[in-house]
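Novice: Single-letter residue listing:
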Amino acid sequence: MAVTPATKLDARRLRADFPVFDELVNGKPVAFLDSAASTQKPRQVLDAMREFYEHSYANVHRGVYTLAERATAGYEGAREKVRAYVNAPSSREVIFTRGATEALNLVAYAWGLDNLGPGDVVVITELEHHSNFVPWQFIAKKTGAEFAHIPIDDLGELQLDALDEIATRGNVKVVANNLVSNTLGTVNPVEKLATWAHEQGAIMVVDAAQAAPHRKIDVQALGCDFLAFSSHKLCGPSGVGALWGRRELLEEMQPFNFGGEMIRSVALDRTSWNELPYKFEAGTPAIAEAYGFGVAIDYVSEIGLDAIEAHEHELVVQAMDALAEIPGLRIFGPPAERRTGIVSFELENVHPHDVAQILDWEGVAVRAGHHCTQPLMTRLGVAATTRASFYLYSLPEEVDRLVAGLLKVRKTFA
Amino acid sequence: MAVTPATKLDARRLRADFPVFDELVNGKPVAFLDSAASTQKPRQVLDAMREFYEHSYANVHRGVYTLAERATAGYEGAREKVRAYVNAPSSREVIFTRGATEALNLVAYAWGLDNLGPGDVVVITELEHHSNFVPWQFIAKKTGAEFAHIPIDDLGELQLDALDEIATRGNVKVVANNLVSNTLGTVNPVEKLATWAHEQGAIMVVDAAQAAPHRKIDVQALGCDFLAFSSHKLCGPSGVGALWGRRELLEEMQPFNFGGEMIRSVALDRTSWNELPYKFEAGTPAIAEAYGFGVAIDYVSEIGLDAIEAHEHELVVQAMDALAEIPGLRIFGPPAERRTGIVSFELENVHPHDVAQILDWEGVAVRAGHHCTQPLMTRLGVAATTRASFYLYSLPEEVDRLVAGLLKVRKTFA
Amino acid sequence: MSELDQLYREVILDHYRNPRGHGALEPHDAHAEGQNPLCGDEVSIFVRFADDGETIDEIGFEGRGCAISQAATSMLTELVKGRKAEEVAVLPKDELLEEIGIPLTPIRLKCAILGLGVLKVALHRAKGTPLPEEWRTLENELRLADD
Amino acid sequence: MSELDQLYREVILDHYRNPRGHGALEPHDAHAEGQNPLCGDEVSIFVRFADDGETIDEIGFEGRGCAISQAATSMLTELVKGRKAEEVAVLPKDELLEEIGIPLTPIRLKCAILGLGVLKVALHRAKGTPLPEEWRTLENELRLADD
Ligand SMILES: Cc1ncc(COP(=O)(O)O)c(C=O)c1O
Ligand SMILES: Cc1ncc(COP(=O)(O)O)c(C=O)c1O
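Protein chains in written order, with this note's numbering: chain Z, 1 to 414; chain U, 1 to 414; chain B, 1 to 147; chain H, 1 to 147.
So here's chain Z without its partners, still in its complex pose (with noise of 0.2 Å):
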């Protein structure tokens, strides 16, 4: 990556504003390589959150006394903010979710009921994250629309000499995409897919839940008419993500759930909706965690998106380089240049669990499984990896510790 950030970031001082790194695992600091799966809160983030629920903490909207104008404005400002986050028109295109999960089940539900039928393909690739491929598989099998997917290759990268077939099957009404692969840590080329579905007449759904945290996202220059991303991979809280739509098809939408706040009137025959984005914000919401998650993006904003993207290539080329050392390892998906901080492995005759619990055993925390990716497990013909990944304030002594683990590892199952 030709990243030349304007400042450097200084892991070192900002774990300063991790209080969890001041944690023992098993007597030894944790070297938290799981960040894909989530990241750990600044202080600064637990700070705003706990300053919000002291001082400014009521029910939103509507409320017309002190508190809850105090609350509203706080969650409306952290609207704001990921609408700048991500370049989005206009913040009322912007939605709270519980996280990136509910946000494509919001768009798969409430487009994908109305709009999809027999005739019309639902295009999904293999390597896809199950939030973004099931809710798809559902909805297609609901509505009668044909499922398909675009394969990879051996490297884990999208084989788009297939689109030309799959365009032959019908109507492909939606084509949905991870920018990032959550368990390869591929960059997928989401601009030119989402030119290929635009052609098509589908619209193109981007899942950036690893992408966001990781790089500058742009919704205009991707060209995506859906976006979804959450707040806890990104140093924000748990239970809030957001969804970013295009306005056009966001009005002409029926809501996802139903209940307070996204009405306008409601009679016993007939109930009208509330404008955007209400009309999606169904009850009450994540009030406080929408708040923190907008703490989170002026963190991270302010260390600089380039900043963090060339301090995980970084890292990811220096675990790449002593991984490949490793007799018996094997490191899937493409090389450093064309991948964020994720690395996955296996191990030759070690079950990725048996590597994740002695790996903990030494501090060291990663993640084994699919990654709730079993599609691409199929396709890379293993039950599960171990997942190395990494974030702002990961170290590069932290992936020798990952190393040094490995190592121990192999000669216990010697």
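Since the hints were made in silico from the structure, they are not lab data.
A portion of the hints provided could be inaccurate.
[Unchecked claim] Pairs of lysine-lysine, BS3-like flavour, derived with a Cα cap of 27 Å: (1) U:Lys142 <-> Z:Lys142; (2) Z:Lys28 <-> Z:Lys411; (3) Z:Lys141 <-> U:Lys142; (4) Z:Lys141 <-> U:Lys141; (5) H:Lys127 <-> H:Lys81; (6) Z:Lys142 <-> U:Lys28; (7) H:Lys93 <-> H:Lys127.
[What the hints assert, rightly or not] Far from chain H, by Cβ distances over 10 Å, these chain U residues were calculated: (8) Ala16; (9) Arg83; (10) Trp196.
[To be verified] Selected chain U positions facing chain B (in silico; Cβ < 7 Å): (11) His351; (12) His353; (13) Asp354; (14) Gly381; (15) Ala383.
Even glycine gets a Cβ: it sits at the ideal position worked out from N, Cα and C.
Based on these hints, arrange chains U, B and H with the ligands on the given structure of chain Z.
Specialist: This is chains U, B and H with the ligands only, laid out in the frame that chain Z set:
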């Protein structure tokens, strides 16, 4: 109410747990009389969540390492607390959702879409919150089922005489009701409705959003099939709530949201679901929030629901007596004996938003609006009401301040 | 907050109790209605132009709702009478808000500008010009266009 | 944690590398299979009774998965051989866990008891008795009943 709590609660002492009460609003300590919309949070909950983020945070499930184990134990521990709180038979029947609204949507979609059709009747009441009204209205329309409502009398009490006629309209399949009305405070005869529902072969869905924070809930004694409530109305964080459902029903149902954690296996052609409750918890849940919800349940349980109920009853009696003295003020709903700590009223010739605005200048926070119960507003013949609502930290002098404020409003608009 | 309180009483309440320009105008040259779903406020505005077809000669309104929405609409009628339609169609909302003079939180702001939004819709409709973007958003929120 | 580490190596790894009772038994009197979807662990157990129709005379298993699941199943075969089916069908899981001897977090516990669950299903099926409630839950989680 003939409740004699073992220990009377000391609201003045409890207030020390709530940092927000140190806050001045417009130069005055805040008299927060909007707990029905959302409650304030005690230090105990805020501290515990902070602790959790600092020492035990990671994504839950599947993680082999120590932090993930701790996070999972915290999250699953909260599920057990919810189970005990409503006396559910098994914690596998407890599903974490964003709140009551999402819980009710889950039932409406996942049970309703597959079990309703033309000739079937969905029964709600005239005093439902939109969250237990609009989802059923939508699903009834989508499936061709009839949407019927139980009317109320002038005091806001359900007219159960209407049930016989409703039963003649088709196969009653769903009866949905709130245990306590958020606008009137009415305690509804849910046990009776549940018996009737089961006689009809229908399921009984209980919206306990306004009940669970204020009085003991026992799903087995209620005889219902589903019960929903929110954390944020119960001293807990926003962004989380719970659905309890009868196991046999949950097991037969399709999932609602699709994605990570809720599947057993995914393939391009076929997907099977995880066991309960995970089948219904797609994606990363509100981890720290569920944990905080559990701590809030501990907090409230330790004070004792009988004591809370008795305390609120004293306040509502005081409030209703004093409000009745204000000329031109009309109180809606039943006598204090048949309601919780909620009073909705209108002041002749003054719009509720003006009432709330002027009260806010006096540091008194009340809600003005339709309280997401527009059909009830229509029945009462008003566009909006002003509502005061109490909780364990409410004080008699806050009621006095409300009354003084209202006299000032009257003077202002005289 | 007794100054605010004072203001609420004096400025707003006077207009609320004795609305200027109250009542429908028949016939009229421009008309629109709007609602603020939040408070249930409703405003219906009627305009008659002078012979030049440009100057707002007479303006009347009917409505119900909170004191802010009704008082603000009353103040608005005083503010625009005698001015050119063209000018009023682009009148910045701050001009009205200054007139109202009390600080408004975002939620009450919508009450305050309901009448102005309705008037703009009426004028743009009468002149066949498009409503500016800022107000198109409000058009949705405030249901300005509903007849 | 080098003691734990030690144990992992010594007890578990020995059984993992040299599973006792490995292999299918044909013919057999009792059989069941199970999976732990979490780790993808799979275990298939075969039992032959002695002439009394009660004593576990021979027990064999096939499987793949993490060291814990495979080693625990191997240890299980040693633990139950020669015991009565009736007794093993209600064997408390703690007896096996003591044998394993390393502390297990909830997630790894499922790996450890997979084999025991499968064995219980096999025995209860052969005897026509119902699986106890505790294991019925696991039956679902561990897909014990899948053939
Ligand atoms: C009776 C009732 N039902 C449902 C809800 C919805 O709860 P939530 O907004 O937390 O989803 C509320 C609260 O607004 C309520 O008072
Ligand atoms: C690529 C990808 N998509 C979607 C998700 C789902 O995100 P969440 O679990 O926050 O809903 C994840 C994270 O697990 C992911 O990595």
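Novice: Next, verify each hint and record whether it holds.
Specialist: Going through the hints against the structure:
For a cut-off of 27 Å, the pair hint linking Lys142 (chain U) to Lys142 (chain Z) stands: about 14 Å separates their Cα positions. This hinted pair checks out: Lys28 (chain Z) and Lys411 (chain Z) have alpha carbons roughly 20 Å apart, not beyond 27 Å. As the CA atoms of Lys141 (chain Z) and Lys142 (chain U) are separated by approximately 17 Å, the hinted pair is consistent with the 27 Å bound. Pair hint Lys141 (chain Z) plus Lys141 (chain U) holds up; C-alpha atoms about 21 Å apart against a cutoff of 27 Å.
Straight-line distance between C-alpha atoms of Lys127 (chain H) and Lys81 (chain H) comes to about 17 Å, which keeps the hinted pair within the 27 Å bound. Straight-line distance between C-alpha atoms of Lys142 (chain Z) and Lys28 (chain U) comes to about 57 Å, which puts the hinted pair past the 27 Å bound. With a C-alpha separation of about 20 Å, the suggested pairing of Lys93 (chain H) with Lys127 (chain H) holds against the 27 Å cut-off. For Ala16 (chain U), the shortest C-beta to C-beta distance to chain H comes to about 37 Å, beyond the 10 Å cut-off, and the non-interface label holds.
Interface exclusion of Arg83 (chain U) from chain H stands, the closest Cβ pair being 14 Å apart, more than 10 Å. The Cβ of Trp196 (chain U) sits about 32 Å from the closest Cβ of chain H, beyond the 10 Å cut-off, so the non-interface label holds. Because the beta carbon of His351 (chain U) sits about 4 Å from the nearest beta carbon in chain B, less than 7 Å, this interface hint is met. Restraint check, His353 (chain U) versus chain B: the minimum CB separation of about 4 Å is within 7 Å; hint holds.
Hint status for Asp354 (chain U): holds, given a least beta-carbon distance of 5 Å to chain B, under 7 Å. For the restraint placing Gly381 (chain U) at the interface with chain B, the shortest Cβ-Cβ distance is roughly 13 Å, beyond the 7 Å limit, so the hint is violated. A distance limit of 7 Å between C-beta atoms decides the matter here; for Ala383 (chain U) the minimum to chain B is near 4 Å, and the interface restraint holds.
When held up to the earlier numbered hints, the structure conflicts with 6, 14 and fits the remainder.
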